[in-house]
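Undergrad: Those protein sequence lines, which keep their order, are chains A and B. Every letter in the first sequence is one number past the one before it in the numbering used here, and letter 100, counting from 1, is 100. For any residue, its number in the numbering used here is found by taking its place in the second sequence, counting from 1, and adding 1000.
Hints listed in this document are in silico derivations from the structure and should not be mistaken for laboratory results. A few of these clues could be false.
Unchecked claim - Selected chain A positions facing chain B (in silico; Cβ < 8 Å): (1) GLY42; (2) PRO43; (3) PHE45; (4) ASP56; (5) GLY59; (6) THR102; (7) GLN103; (8) PHE105; (9) GLY106; (10) PRO107; (11) GLY108.
Said to hold, decoys possible - Coverage of chain B stretches by chain A, computed from C-beta distances (three or more under 8 Å per stretch; other residues unrestricted): (12) 1038-1047; (13) 1095-1107.
These numbers come from a predicted model, not from an experiment. We put the beta carbon where it would ideally sit given N, CA and C, even for glycine.
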Amino acid sequence: GAGVSQTPSNKVTEKGKYVELRCDPISGHTALYWYRQSLGQGPEFLIYFQGTGAADDSGLPNDRFFAVRPEGSVSTLKIQRTERGDSAVYLCASGLAGAGETQYFGPGTRLLVL
Amino acid sequence: AQSVTQLDSQVPVFEEAPVELRCNYSSSVSVYLFWYVQYPNQGLQLLLKYLSGSTLVKGINGFEAEFNKSQTSFHLRKPSVHISDTAEYFCAVGRVGRRALTFGSGTRLQVQP
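Full structure from sequences and hints, please.
TA: Listed below in structure tokens is the structure:
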């Protein structure tokens, strides 16, 4: 079946601009995660959704970052007033929300802030 | 909070040789442990995971890992590697009761002919 998809695959923007990154999880997965992976590092947790609600947003670095999942499926990560330090690969994952669940990752969106 | 240390940033190895990729973690509570692989230009893929029970876990592509609670380690092993195993490998820990994973910085396995 189809895996997690993310659009766009690449995004180039200018400092100060607003960007939206989209994630389509695997059908039927109630849990959805956003991570950020900087060059040479492992993924870093940003936010976790269970259904439509953000169950854990402790990883969001500041209030410029926001994410929604209005219908419990597709999610959008929104970054306001982008900074050069926001440049990274943004990964989305989905799962069945059980203990020790496997998180299935998408290919990521590579964001470059000039 | 938990943390994950992958001491080896790169591991070069010849084809058909055995390999061990090291992972140590720290946590004050019970954890779940994972190994993910990232092939070039692809997303992260689960290799194996430890939740409970037997400390020796077998995964896909001939990989296995052993959970050692006293040494807080979860090293990944393969008895004979192939060129196709060339990839970045990430160890991750999840705290029981919390969904977020904490990843190590990764180990690049380079299999040479």
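Undergrad: Next, verify each hint and record whether it holds.
TA: Hints and how they fare:
Look at A/GLY42: its Cβ gets to within about 3 Å of chain B, closer than 8 Å, so that hint holds up. Annotation: A/PRO43 was flagged as interfacial toward chain B, and the flag holds, the nearest CB pair being 5 Å apart, inside 8 Å. Because the beta carbon of A/PHE45 sits about 4 Å from the nearest beta carbon in chain B, less than 8 Å, this interface hint is met. Look at A/ASP56: its Cβ gets to within about 6 Å of chain B, closer than 8 Å, so that hint holds up.
Using the Cβ-Cβ criterion of 8 Å, the hint placing A/GLY59 at the interface with chain B is satisfied: the shortest such distance is roughly 7 Å. Nearest Cβ of chain B to the Cβ of A/THR102: about 5 Å, under the 8 Å cut. The hint holds. About 7 Å separates the beta-carbon of A/GLN103 from the nearest beta-carbon of chain B, less than 8 Å, and the hint is met. Contact between A/PHE105 and chain B, as hinted, is supported at the beta carbon level, the nearest pair being about 4 Å apart and thus within 8 Å.
Because the closest C-beta pair between A/GLY106 and chain B is about 6 Å apart, less than 8 Å, the hint holds. Taking 8 Å as the C-beta cut-off, the interface hint given for A/PRO107 holds, the closest approach to chain B being about 5 Å. A least Cβ separation of about 7 Å between A/GLY108 and chain B falls short of the 8 Å threshold, and the interface hint therefore holds. Given a C-beta distance limit of less than 8 Å, the hint that chain A covers the region 1038-1047 of chain B holds, as 6 residues qualify and 3 suffice.
Figure legend: the region 1095-1107 of chain B, annotated as covered by chain A; annotation consistent (10 residues with Cβ-Cβ distances under 8 Å, at least 3 required).
Hint compliance for this structure: every hint is met.
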